[in-house]
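> Now for the letters of each chain:
Number of protein chains: 2
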Amino acid sequence: MIRLDTRDADFAARFDALVDARRESAADVTRDVATIVRSVRDEGDAALRAFTRKLDRHDLDETGWRVDAAACAAAFDALEPELRAALELAATRIRAYHEKQRPQDSAFTDAAGVRLGARWRAVEAAGVYVPGGRAAYPSTLLMNAIPARVAGVDRLVVVTPTPDGAINPLVLAAAHVARADEVWRIGGAQAIAALAYGTERIARVDVVTGPGNAWVAEAKRQVYGVVGIDMVAGPSEIVVVADGANDAEWIAADLLSQAEHDTTTQSILFTDDAAFADAAAAAVERQLSTLPTQAVARAAWEDNGAIVLVPTLADAMPLVDRLAPEHVELACDDPQALFDRLRHAGSAFLGRHTPEAIGDYVAGPNHVLPTGRRARFASGLGVIDFMKRTSFLQLDETALAELGPATIALAEAEGLPAHARSVALRLRTNR
Amino acid sequence: MIRLDTRDADFAARFDALVDARRESAADVTRDVATIVRSVRDEGDAALRAFTRKLDRHDLDETGWRVDAAACAAAFDALEPELRAALELAATRIRAYHEKQRPQDSAFTDAAGVRLGARWRAVEAAGVYVPGGRAAYPSTLLMNAIPARVAGVDRLVVVTPTPDGAINPLVLAAAHVARADEVWRIGGAQAIAALAYGTERIARVDVVTGPGNAWVAEAKRQVYGVVGIDMVAGPSEIVVVADGANDAEWIAADLLSQAEHDTTTQSILFTDDAAFADAAAAAVERQLSTLPTQAVARAAWEDNGAIVLVPTLADAMPLVDRLAPEHVELACDDPQALFDRLRHAGSAFLGRHTPEAIGDYVAGPNHVLPTGRRARFASGLGVIDFMKRTSFLQLDETALAELGPATIALAEAEGLPAHARSVALRLRTNR
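Line by line, the protein sequences give chains Z and S. The first sequence begins at 1 in this note's numbering and counts up by one. The second sequence begins at 1001 in this note's numbering and counts up by one.
In short, the hints are calculated from the structure, not lab data. Quantities reported herein were computed from a predicted structural model and do not represent experimental measurements. Heads up, a few of these hints could be off.
[As the list claims (entries may be wrong)] Label pairs and their computed distance ranges (CB to CB):
| # | chain 1 | residue 1 | chain 2 | residue 2 | range |
| --- | --- | --- | --- | --- | --- |
| 1 | S | D1105 | Z | A314 | 18 to 28 Å |
| 2 | S | A1069 | Z | D334 | 33 to 43 Å |
| 3 | S | A1069 | Z | D154 | 45 to 55 Å |
[Unchecked claim] Beyond 10 Å from chain S on every Cβ pair, some chain Z residues (computed):
| # | residue |
| --- | --- |
| 4 | D10 |
| 5 | R38 |
| 6 | A47 |
| 7 | R49 |
| 8 | K54 |
| 9 | A73 |
| 10 | R95 |
| 11 | A166 |
| 12 | T263 |
| 13 | D273 |
Each residue gets a CB set at the ideal place from its N, CA and C atoms; glycine is no exception.
Given the sequences, and given the hints that come with them, work out the whole structure.
Shown next, in the form of structure tokens:
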């Protein structure tokens, strides 16, 4: 963990270094992934089975390729009532939030008599990748699948690896809650390739979303254009902007909630109170000592954590914009005033009673968010990622007479005479 | 050109072949582009100058790196009045259409007392690529730059190659009309790398859009994630759905307006009238013979063109959906009825008086559209491509008491104790 103070002489250089630090895996898996993707595209299920046997150590023909709906329902029914209720609360709230994202169609007729507008439709099929192993999160399934369902996709496909044949019942339960149509026991680059190109068993989809390791991320990048994808995700991060009136224990827990995800995650505290900075740092140490995930969280905090002292919280906002973090907490009395000054963040958590973890599960907004400074240009996952827009245009003779001559002039200037002719013929001028 | 009839025994197989035909360049430029991108990232302007000298055959230090605003204004002033007016009409209408695309912020408080919503902001800087040479279209500059301006970007950068040092005055005039802030005389993969990573002279941008050759497309793919990009574009295509009451000459001109772009473009006519199919084919031949762009248009039509006979126009719509074309014209008396049956298309042109060319220039909707069946999942370029959404959330103590327990249950089930703790501490339960 580093400590910075905007008044230090070397602050600018050290903050630049913090902004530019790359935490993403440098492993070049491009070629390996290309081989896997090509194999699955060309050989279909046989390649899927072979890669699964090699990488996940089970034989799909023996363990089964799919988990059926009854098994997902049974997994849900077998949960503790408290957990069942929590999953349902999460799904209900995520659905409600995303229903407000459904885009409006538009249609209008302008002064020239041109009727024009845009129409949104859902893609036919969406594929959601849910990681296996440590990061097999049912919440991730809900956050990816529910926006697809709200968009109105006809077919919702879940793929999830089951290493050594072991199925995570929480993921199945979430698939039941999200009403997934198919659940396939495949993972890695081979699963992404199967979704993009289809195999004998698995029909191809139109959009692939969901987090994964370096192989999954590279596979998504390689099939981008064959299908739509969500943003390629990197390590997670949180920025907490907090004044001295906060409870240092609360803020320390927030910093650690990000750190415990992975050793590459980043937690940064901005505060205008040096004593609070000390207290928060001490609280982090104290909490780490009893945290079951302390090995991961300690490495992330020590390697990537930072506390930045600023003259006022408002001074922090341009610095936060440079980081363009995935999550930002604004823990102060007037968080809206700070939020109004902020331009780049994936998701903002306002006030002292809004820990980021609430947004990970049940609040409603999506937890699939741009990382690695991509909030400068990217948005969290949403309903429109599973939809597309068709623009439309309708002219009558009068409208064409009004717009036609300018079209002909531009088409001719661009050296496209057939374009000009298609208009000129209709204007009944002889060209 | 092939002719198909849905009643033919081999129709399904032949239509499948039409759908699956790849018209995109198979040239693998991945490694060459990676070398260029790395050089520009590491060596900046020196690499830009070297690549431009080699590939565009002029020395930027001698010919100049930038075109200033005065030169763009002068290029505009020097145009024929008719062309000047046409560019201004186009810009005005494109702006008006895209202003309606500006997304609405949302904020609401739900029954649990949670305040939540989403806020849209423009990216800081956008870079627009405008090809040089044959495809140096001022309309492309307007279609990319105006949505960025409407989104509210602070800085709008145009890059365009000037092979052998020759500047296209129409592009400069369009840069003036679109109020570009900077115009740089660079192209190819090196220009995309400069926009993504920045150089000594050129500050990096956040989003890069615009068409280009295989090198430009691959460079965009390689910098995707460092910056946002628009969809990687392939060869253009048009589907015309027309009944026998159309003027065959009009429809032939529409088919050729797509064919003249490039030998890889595709024009397909669906009709329910065999005699009209013959008349349209004959009209295409007749028009080709006098078309200045006939070499290109003839190759495209002969290699990729098709006429498909269907029992009724309604029967064509599922077939059109399989093609998911960039452009579709619905030339009949009740085009809306057909449009209602259509799901996948980049842009639709309704009725007999709406040739696609109108949409290329002055109608208002964007002409940067998904190609190669990507309309299944992708949309045309729009204002939101230059904006991003920040979701936000604010809970008070009461709301946290309502949502907290479910969050704790899910966090513990996922093995994330610091997540649970960040909520539990605030609920003042001792965990």
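> Confirm or reject each hint.
Cross-check of the supplied hints:
1. S/D1105 / Z/A314: 18 to 28 Å: With Cβ atoms ~22 Å apart, the hint holds.
2. S/A1069 / Z/D334: 33 to 43 Å: holds (42 Å)
3. S/A1069 / Z/D154: 45 to 55 Å: holds (50 Å)
4. D10: Its Cβ never comes within 10 Å of chain S, the nearest being 23 Å, so this holds.
5. R38: Holds, since 13 Å exceeds 10 Å.
6. A47: holds (20 Å)
7. R49: holds (25 Å)
8. K54: Answer for Z/K54: holds, closest chain S Cβ roughly 26 Å.
9. A73: At about 18 Å from chain S, Z/A73 clears the 10 Å cut-off, so the statement holds.
10. R95: holds (12 Å)
11. A166: holds (15 Å)
12. T263: Nearest chain S Cβ is 14 Å from Z/T263, so the label holds.
13. D273: holds (19 Å)
Violated hints are absent here; each numbered hint is respected by the structure.
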